[in-house]
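Participant: Listed below, chain by chain, are the residues.
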Amino acid sequence: MVLTGAEIVIRCLQEEKVEYVFGYPGGAVLYLYDALFQQEEVRHVLVRHEQAAVHAADGYARSTQKVGVALVTSGPGATNAVTGIATAYCDSIPLVIISGQVPTAAIGQDAFQEVDTVGITRPCVKHNFLVRDVRDIASTIKKAFYLAKTGRPGPVLVDIPKDITIAKCDFEYPKEISMRSYNPVVRGHQGQIKKAVQLLLEAKRPMIYTGGGVVLADAAEQLTRLTRLLGYPVTNTLMGLGGYPASDRQFLGMPGMHGTYEANMSMHYCDVLLAVGARFDDRVIGNPAHFAEEPRKIIHVDIDPSSISKRVKVDVPIVGDVKEVLDEMIRQLEAGAARPNADHLATWWKQIEEWRGRNCMAYKNSDEIIKPQFVVQKLWEVTGGNAIVTSDVGQHQMWAAQYYHFEQPRRWLNSGGLGTMGVGLPYAMGAQLAHPDTHVACITGEASIQMNIQELSTCKQFRLPIKICNLNNRYLGMVRQWQQIFHGARYSESYMDSLPDFAKLAASYGHVGIRVDRPCDVEDALREAFVKHKNELVFLDFQVDQTENVYPMVQGGKGLTEMILSAEDL
Amino acid sequence: MRHVISLLIENESGALSRVSGLFSARGYNIESLTVAPTEDASMSRMTIVTSGSDEIIEQITKQLNKLVEVVKVVDISEAAHIERELMLIKVRATGKDREEVKRTADIFRARIIDVTDASYVVELTGNQAKLDAFVGAIDPALILETVRSGVCGVGRGDRVLKL
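Top to bottom, those sequences are chains A and B.
For what it's worth, the working numbering labels the leading residue of the first sequence as 1, then goes sequentially.
For what it's worth, the working numbering labels the leading residue of the second sequence as 1, then goes sequentially.
The reader is advised that the hints may include incorrect statements.
To be verified - Under 10 Å between C-beta atoms, here's a sample of chain A residues computed to sit facing chain B:
| hint | residue |
| --- | --- |
| 1 | Arg48 |
| 2 | Pro123 |
| 3 | Pro305 |
| 4 | Ile308 |
| 5 | Ser309 |
What the hints assert, rightly or not - Taking lysine-lysine pairs in the DSS-like style, the calculated list, with each CA pair at most 25 Å apart, reads:
| hint | chain 1 | residue 1 | chain 2 | residue 2 |
| --- | --- | --- | --- | --- |
| 6 | B | Lys162 | A | Lys149 |
| 7 | B | Lys66 | A | Lys142 |
| 8 | A | Lys297 | B | Lys62 |
| 9 | B | Lys130 | A | Lys310 |
These are computed hints drawn from the structure, not numbers from a lab.
The C-beta atom is built at its ideal place from N, Cα and C for all residues, glycine as well.
Could you put together the complete structure from these sequences and hints?
Facilitator: This is how it looks when you write it as structure tokens:
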């Protein structure tokens, strides 16, 4: 069947069973939009800024395990998308971004809305393509989806010049794809897995530390089985929350800069550390030299060999798909008779319970002023812990991670790697479209929300009943916290002046806006939002304590055991 | 420590910038980089001379392998290998210098491939040290310009980098 390039692109998306494309039209993609218009299978979500298109596709992908798709025009369309692409890249989220380009003959001529999109995005994509021939469109898009979701996932960009979308050729979607230069390892090395299992069984002070890789590999079930089989303590990083049920006794909370005392102490003083789909990020282990002072054997399971022995030296590296490797570990454990030494384990747990007894997440609540932690806690109660929660970046992000206890994966969406303010609302859009019957809450701050607030308009158009919980402290809270602690309380440019009345702003977009000033009104307001206004977007503007800080805290450059547990430690 | 990394990469536009971009983005050194198509025109072979600790070299090879268009990566300096570099050097050749440059070229088994009444172009192949030695042996005042290809390398004997 002979089709135009534009029709081929849309047909490819249909073949890939794409439900939603998040995008924004423009000159270079007019033919693509025309082809979109003439079909109904792939639905288009018109955002108000291209950055949000990519974030929304990203939120869709994070909440579903599917590839998110965004469509932008050339030039500013593509450059606006860059932050979204880099955000997805840092967290290994599978996306396909289709960008329009000026006609082939105009490339390099400084044409209107021309930019070297492939060049600009190269360092923040898994791979990218410039399609120069209409006959290459189908195979390129097939490759893009394949690359995005296999191996270590990531965003893949396909740049298509306008003339290629008008040119015609015969369409056939390739059934399979093979690339001689790209063959990600899936099965872990059997010998290494055996060695790892042996080491785990011999451990006196074992610890399991898992990250986003467990979520991406859909291996939460395997992680839970393995952890319970061994009876070992487990921690999930910011990206890995929900990988293990937070209510379980074996769960020690999140590690790292704002992690729990028990998780950090166990990470530091364990003698065997099983790291799964985690990368010893600077926000997780603090100073690597300090971390290396304590001797411990490290087993590291990761799909990406370059993540292994990058920041810490690993004793047993296992390259492979996390799910397959964990399955094999469980199989070997169940097949063998050996079990962990109960005495050693009991001694270790006694120590851990002592650490846990410090109750590091306790905070002083108030009757006068709303504590941000209290809002998150109430949100967790009101939603029964079952909401999909998105966040932006800063203090509210940490409080969300600390006080909303995730029982399942793909319920917690945030920008962990790049730390992009402004992702919260578009993530919620992507997640709500993918899960129309699930509560979606966006925990944000008055600064972050303003970075993509224009999307309130998109939410109205697509009737997305997102609940925005704005922890409004009139400050760039995390910046203010660092300025207080490290910069002599000189609050340089961190005060948010001239804020809008968010409740009225939301109302002007046709949503429900509620301002909450008193702690006693927090729960009622949440119930009003989730029950009375179930089917509407509600913007809850919580006026919270301006001076509240996130604790515990490991200062940058310090070791995991050098924690500030509360304001008294300052 | 100095390492010579050879790799096979799809011969596609932009492939070179993916490699060079990787080195600059991650702060790795490039001493030299050469690239040209192989006998299979769909694939190029690249030789990169770099330096760094063992950990950095391990990361470099892993990161190169991660590039979607890279087919194979080998650190050929890990075992017996041969390196060669080509240099073209234009020298002033007048009066008594004419004979002196010719003599030096002969000693280095270099060839004079262009002659005018005032200059020679000398072609010399060898490892980096030999080329450096030749440059050192010529009076700096006589050197008009030099151009070097960067290092090409290949493993000895059975060590073959092929698809």
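Participant: Now look at each hint and say whether the structure bears it out.
Facilitator: Now the hints, each set against the structure:
1. Arg48: 32 Å, violated
2. Pro123: 5 Å, holds
3. Pro305: 5 Å, holds
4. Ile308: 8 Å, holds
5. Ser309: 7 Å, holds
6. B/Lys162 with A/Lys149: Answer violated: lysine 162 of chain B to lysine 149 of chain A is near 28 Å, above 25 Å.
7. B/Lys66 with A/Lys142: Holds, at about 20 Å.
8. A/Lys297 with B/Lys62: Holds. Lysine 297 of chain A to lysine 62 of chain B sits at ~22 Å (cutoff 25 Å).
9. B/Lys130 with A/Lys310: 37 Å, violated
In the structure shown, a violation is registered for the earlier hints numbered 1, 6, 9, in ascending order.
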